[in-house]
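Novice: Listed below are the residues making up each chain.
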Amino acid sequence: MGKISLLVCLLFLIISRALAQQNVDGEIVINLNAISGMQFDLVRFNVKPGVKVKINFTNTDDMAHNFLITKPGSRLDVVNDALKLEEKGPQMNYIPKSQNVLWSIPVVSTNQTATLTFNAPNQPGAYPYVCTYPGHGFIMYGVMYVSNDVNMPDLQTDQNIPPSRRESKAGQGLGPVKATPLSDAKAHHVSHPYDLVPPFLYRIFMDDSGPASIAVSLPQDISYCWDTGSCRLRYAWTGGFLDNTAIWKGHVDANAKILGTVFYREASEYPVIIGNSDKQAIAEFKGYKLIDKYPEFHYQLNGVDVFELIKPKNDGNGIVRNFRIPDAGNTVWFSGNSTNASLEHKSSAGTWVDGRLKLSPQDAKQFSITTTNYSLLFNTRRKKK
Amino acid sequence: MMNLKLCRFLLFAFLLGTQDLHSQTRAESSYTVQNIAMPHGLMAETGGLAFLPDGRLAACFIRGELMLYTPQTKEWKVFATGLHEPLGIHAVSNSEFIVMQRPELTRIRDTDSDGVADHYETLTDDFGISGNYHEFNYGPVQDAKGNLYIALNTASQGGSVRPEVRGPLNPLGRDMTQGIYEMYSVVPYRGWVMKLPAGGGKLQPYASGMRSPNGMGFDLKGNLFVTDNQSDWVETSTLYHVKEGKFYGHPASLVWQKEWAGRNPFISPVDELDKIRTKAAVLFPQGIMANSPSQPLCDITKGKFGPFAGQLFVGEMNRDRIVRVMLETVAGELQGASIPFIDGQGLRKGNNRLAFAPDGSLWVGQIAFGWAGDQGVQRIVFNGNLPADVQMMNLTKNGFDLTFTQPVNKSQAIDANNYSFRHYYYKYQRKVKNAGADVTDQQDIQTVPVKSIKISPDGLKVSLVLGELKAGYVYELKLGDITTAKGRPLDNKLICYTLNNLKP
Numbered sequence: 001m002g003k004i005s006l007l008v009c010l011l012f013l014i015i016s017r018a019l020a021q022q023n024v025d026g027e028i029v030i031n032l033n034a035i036s037g038m039q040f041d042l043v044r045f046n047v048k049p050g051v052k053v054k055i056n057f058t059n060t061d062d063m064a065h066n067f068l069i070t071k072p073g074s075r076l077d078v079v080n081d082a083l084k085l086e087e088k089g090p091q092m093n094y095i096p097k098s099q100n101v102l103w104s105i106p107v108v109s110t111n112q113t114a115t116l117t118f119n120a121p122n123q124p125g126a127y128p129y130v131c132t133y134p135g136h137g138f139i140m141y142g143v144m145y146v147s148n149d150v151n152m153p154d155l156q157t158d159q160n161i162p163p164s165r166r167e168s169k170a171g172q173g174l175g176p177v178k179a180t181p182l183s184d185a186k187a188h189h190v191s192h193p194y195d196l197v198p199p200f201l202y203r204i205f206m207d208d209s210g211p212a213s214i215a216v217s218l219p220q221d222i223s224y225c226w227d228t229g230s231c232r233l234r235y236a237w238t239g240g241f242l243d244n245t246a247i248w249k250g251h252v253d254a255n256a257k258i259l260g261t262v263f264y265r266e267a268s269e270y271p272v273i274i275g276n277s278d279k280q281a282i283a284e285f286k287g288y289k290l291i292d293k294y295p296e297f298h299y300q301l302n303g304v305d306v307f308e309l310i311k312p313k314n315d316g317n318g319i320v321r322n323f324r325i326p327d328a329g330n331t332v333w334f335s336g337n338s339t340n341a342s343l344e345h346k347s348s349a350g351t352w353v354d355g356r357l358k359l360s361p362q363d364a365k366q367f368s369i370t371t372t373n374y375s376l377l378f379n380t381r382r383k384k385k
Numbered sequence: 001m002m003n004l005k006l007c008r009f010l011l012f013a014f015l016l017g018t019q020d021l022h023s024q025t026r027a028e029s030s031y032t033v034q035n036i037a038m039p040h041g042l043m044a045e046t047g048g049l050a051f052l053p054d055g056r057l058a059a060c061f062i063r064g065e066l067m068l069y070t071p072q073t074k075e076w077k078v079f080a081t082g083l084h085e086p087l088g089i090h091a092v093s094n095s096e097f098i099v100m101q102r103p104e105l106t107r108i109r110d111t112d113s114d115g116v117a118d119h120y121e122t123l124t125d126d127f128g129i130s131g132n133y134h135e136f137n138y139g140p141v142q143d144a145k146g147n148l149y150i151a152l153n154t155a156s157q158g159g160s161v162r163p164e165v166r167g168p169l170n171p172l173g174r175d176m177t178q179g180i181y182e183m184y185s186v187v188p189y190r191g192w193v194m195k196l197p198a199g200g201g202k203l204q205p206y207a208s209g210m211r212s213p214n215g216m217g218f219d220l221k222g223n224l225f226v227t228d229n230q231s232d233w234v235e236t237s238t239l240y241h242v243k244e245g246k247f248y249g250h251p252a253s254l255v256w257q258k259e260w261a262g263r264n265p266f267i268s269p270v271d272e273l274d275k276i277r278t279k280a281a282v283l284f285p286q287g288i289m290a291n292s293p294s295q296p297l298c299d300i301t302k303g304k305f306g307p308f309a310g311q312l313f314v315g316e317m318n319r320d321r322i323v324r325v326m327l328e329t330v331a332g333e334l335q336g337a338s339i340p341f342i343d344g345q346g347l348r349k350g351n352n353r354l355a356f357a358p359d360g361s362l363w364v365g366q367i368a369f370g371w372a373g374d375q376g377v378q379r380i381v382f383n384g385n386l387p388a389d390v391q392m393m394n395l396t397k398n399g400f401d402l403t404f405t406q407p408v409n410k411s412q413a414i415d416a417n418n419y420s421f422r423h424y425y426y427k428y429q430r431k432v433k434n435a436g437a438d439v440t441d442q443q444d445i446q447t448v449p450v451k452s453i454k455i456s457p458d459g460l461k462v463s464l465v466l467g468e469l470k471a472g473y474v475y476e477l478k479l480g481d482i483t484t485a486k487g488r489p490l491d492n493k494l495i496c497y498t499l500n501n502l503k504p
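Protein sequences appear in the order of chains A and B.
Mapping to the UniProt record's numbering: the first sequence position 287 is 287, numbers consecutive.
Mapping to the UniProt record's numbering: the second sequence position 34 is 34, numbers consecutive.
The hints are simulated quantities; they were obtained by calculation from the structure and are not laboratory data.
These figures come from a predicted structure and were not determined experimentally.
We put the beta carbon where it would ideally sit given N, CA and C, even for glycine.
Hints may contain errors.
[As the list claims (entries may be wrong)] Simulated crosslink set (DSSO-like; lysine-lysine; CA at most 27 Å straight-line):
{"id": "1", "chain 1": "B", "residue 1": "493", "chain 2": "A", "residue 2": "84"}
{"id": "2", "chain 1": "A", "residue 1": "88", "chain 2": "B", "residue 2": "279"}
{"id": "3", "chain 1": "B", "residue 1": "302", "chain 2": "B", "residue 2": "258"}
{"id": "4", "chain 1": "B", "residue 1": "258", "chain 2": "B", "residue 2": "246"}
{"id": "5", "chain 1": "B", "residue 1": "258", "chain 2": "A", "residue 2": "84"}
[Claimed, not checked] Chain B stretches covered by chain A per the calculated footprint, using a threshold of three residues with CB under 8 Å from any CB of chain A:
{"id": "6", "region": "76-82"}
{"id": "7", "region": "101-111"}
{"id": "8", "region": "194-203"}
{"id": "9", "region": "217-225"}
{"id": "10", "region": "354-362"}
{"id": "11", "region": "382-389"}
{"id": "12", "region": "485-492"}
[Unchecked claim] Not close to chain B: a few residues of chain A, all C-beta gaps over 10 Å, as computed:
{"id": "13", "residue": "37"}
{"id": "14", "residue": "59"}
{"id": "15", "residue": "62"}
{"id": "16", "residue": "89"}
{"id": "17", "residue": "107"}
{"id": "18", "residue": "109"}
{"id": "19", "residue": "193"}
{"id": "20", "residue": "209"}
{"id": "21", "residue": "244"}
{"id": "22", "residue": "268"}
{"id": "23", "residue": "289"}
{"id": "24", "residue": "316"}
{"id": "25", "residue": "362"}
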């Protein structure tokens, strides 16, 4: 961990040094961009006292931003002074008249660049820079270190930059979602105010599934993704559960990332067919009930109620899908995935016909399909664990 | 109405009696902001707040928790988990909630009485999802008949759609030329307010033209209000008085209206769109009053929360503010003024959701989710000390009447130097390509002189006559150094009145 942060620090130093170049006029040139999420791409840089500094400020964000450099320790005062401008704010570019403001660039529109040239203060210190557009200044800031020392403080603990740019993922409760009791929270991050003990679920955006999906973590390191749009299992995997980091940051298109290996993918778009029709049934999701914390999904196919509850196989080498169709009124066909030879399906009722399971309405009242993947069965390393 | 008036009078009389107990400094402020301790491990980005009949608070959070809080014991308890970006909650009973999730409106119940939800029933998922990150869903709010209303955000130009979407996709909902910088609606009813009839039935489109309608609420008379956030086509943030079948200005949603089949609404002449548009009841000037208004909540406390019963409070995301809205009917339509309600008193920014507790305190839940904001829950308590504020602003034939919460110093109140009026308007227009998403231009900014001032004998009401009144303008008033008769400075000095209609 220490090594990693040191590396990040070094990398950052290199980057900020690279961005702060001296031009032919002897000016230190800083290229600084406003980027999406109300941030500066460069959150800190270091210049020597009294040197000539030229800042090229480019707004690459779709919001408007200004740029102010303030006296040490006065960023928040300036941000609040800008808010107090109230009706005068728009005309004044949200730049308050204050002795605390050393230099400023008025509001810069998207894809525009503005330049600011000044002599760095002779007094060493941490000089904040900030956007004072209403609301932005609380999170959109950075710091110009004026110092003869080329070293800046440790990035992880630098109080002069936004927390989101110094904290590790774990500090924000981001990173892989692990089934970890709170008592072990020291070793891992905490994502919720409760223990994550399988089975548990998230409704969340998933890869290779519809936009209304449910990810379920089961015991035995098994997880699956169920699509409430088409009302069917999409895939199951083994290993870890999910990394929700990208989604939980917000303000961006993102999916949860599965942490493991997919061992089952539903091949059929219509796994359950009621009656002898191959026509697409109208599938309607009705919700789910938690039974011993396992979700039992309820949906209708052409108006016929179907219930589905998925558990891990006791040996952890696959899944058991428990169906209930109380009132099928017709022959029920099930086809999951008959093309992948490493999969083996067994059913509690009905007969297999060309890779499809045929069930009478009576059989369909309650039946289960157990799917084993031999890649799990033969994986001795996984067994040892 | 009579009851309300009586209530207010009694409260007023009571407060006048107790006021001398307090000092006359700003520190005597009428409201106190308290922080609610949140449970360890919770990312308290608040999507919804509601009070249960038994007085507990229900709150949902962005990572999917629905938690219950008992104010007496200060204990949080997990009720439901795994929800997809819940952004609104309606408490049906002590064990049943209706929650707006990303994919659906869900009834969540505890059926075995163990205090934890076990039944999640889909009430409706009859709207599209493209998977674009900005397609947030808001509500539900319930009218007196039991109908539920929700609002569907448009998609952001900053994101795409997923490889698999829900609902038919209509590419006309996004203009890929100039409109690359505009919010869009390529799956059904994005940009609409929807109605779910009481007692079941299909989700129905109700009103269109929304951009980012992060806030819904009813007033005491059953009027539905929805806020919208400034940017393309919404020059400055709004409070809409939403009525069935109306269009409120953002064109993307129109692709889901039969009359617009096959047409690209983005390139329709702006004046054609302007003609069919219903204007906002209240405009919140950008960078001045609010940049990202959230939920409007009617003061149902009958005076428990101070002298603003029946008015609306609206959360603001970008700063430590809640805005108060004073509405009146002029020429048959609601319009009115906005004024900061609470600023600089310890409230955080990111004020997303509001709810009144049975004791009349106002609870506020914060969110950021990648924008300017914060997290947590706070509680605002009226401490009985009557605010020094403009209680109501009314349009007159030739100016405005200001009614104060308590008598003001008469010599200050008749001094014209204490009233700085400006007017300006916001153009209904397509955003210029590349203009910053939150850049807004006030048009025709003019100072408006005050011609005469009268004050009522009781010192409560000031009548201002202005040089000229123009429909379609915001009248912005900055009050000067006016104190109450007892010398307390006014709590808030900036008021913006949206003058859609002149007094007939």
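Novice: Hinted pair, alpha-carbon criterion (27 Å max): residue 302 (chain B), residue 258 (chain B). Please report holds or violated.
Specialist: Since the Cα atoms of residue 302 (chain B) and residue 258 (chain B) sit roughly 44 Å apart, the hinted pair is violated (cutoff 27 Å).
Novice: With 10 Å as the threshold, tell me whether residue 37 (chain A) passes as away from chain B on beta-carbon distances.
Specialist: 6 Å, violated
Novice: Are all C-beta atoms of chain B more than 10 Å from that of residue 362 (chain A)?
Specialist: 28 Å, holds
Novice: If you count the residues of the region 354-362 of chain B with a beta-carbon closer than 8 Å to a beta-carbon of chain A, do you get 3 or more?
Specialist: violated (count 0)
Novice: Is it the case that residue 244 (chain A) keeps its Cβ farther than 10 Å from each residue Cβ in chain B?
Specialist: 8 Å, violated
Novice: Mind verifying the non-interface call on residue 89 (chain A)? Its CB should be farther than 10 Å from each CB in chain B.
Specialist: Violated, since 5 Å does not exceed 10 Å.
Novice: For the region 217-225 of chain B, do three or more residues have a beta carbon lying closer than 8 Å to a beta carbon of chain A?
Specialist: violated (count 0)
Novice: For a C-alpha distance cap of 27 Å, please report whether residue 493 (chain B) and residue 84 (chain A) respect it.
Specialist: 11 Å, holds
Novice: Are the Cα positions of residue 88 (chain A) and residue 279 (chain B) separated by 27 Å at most?
Specialist: 25 Å, holds
Novice: Test coverage of the region 101-111 of chain B by chain A using CB-CB distances below 8 Å; three residues minimum.
Specialist: holds (count 6)
Novice: Quick check: do three or more residues in the region 76-82 of chain B have a beta carbon closer than 8 Å to a beta carbon of chain A?
Specialist: Per the Cβ count (4), the hint holds.
Novice: Do three or more residues of the region 194-203 of chain B come closer than 8 Å to chain A, measuring C-beta to C-beta?
Specialist: violated (count 0)
When each numbered hint is compared with the structure, violations occur for hints 3, 5, 8, 9, 10, 11, 12, 13, 14, 15, 16, 17, 18, 19, 20, 21, 23.
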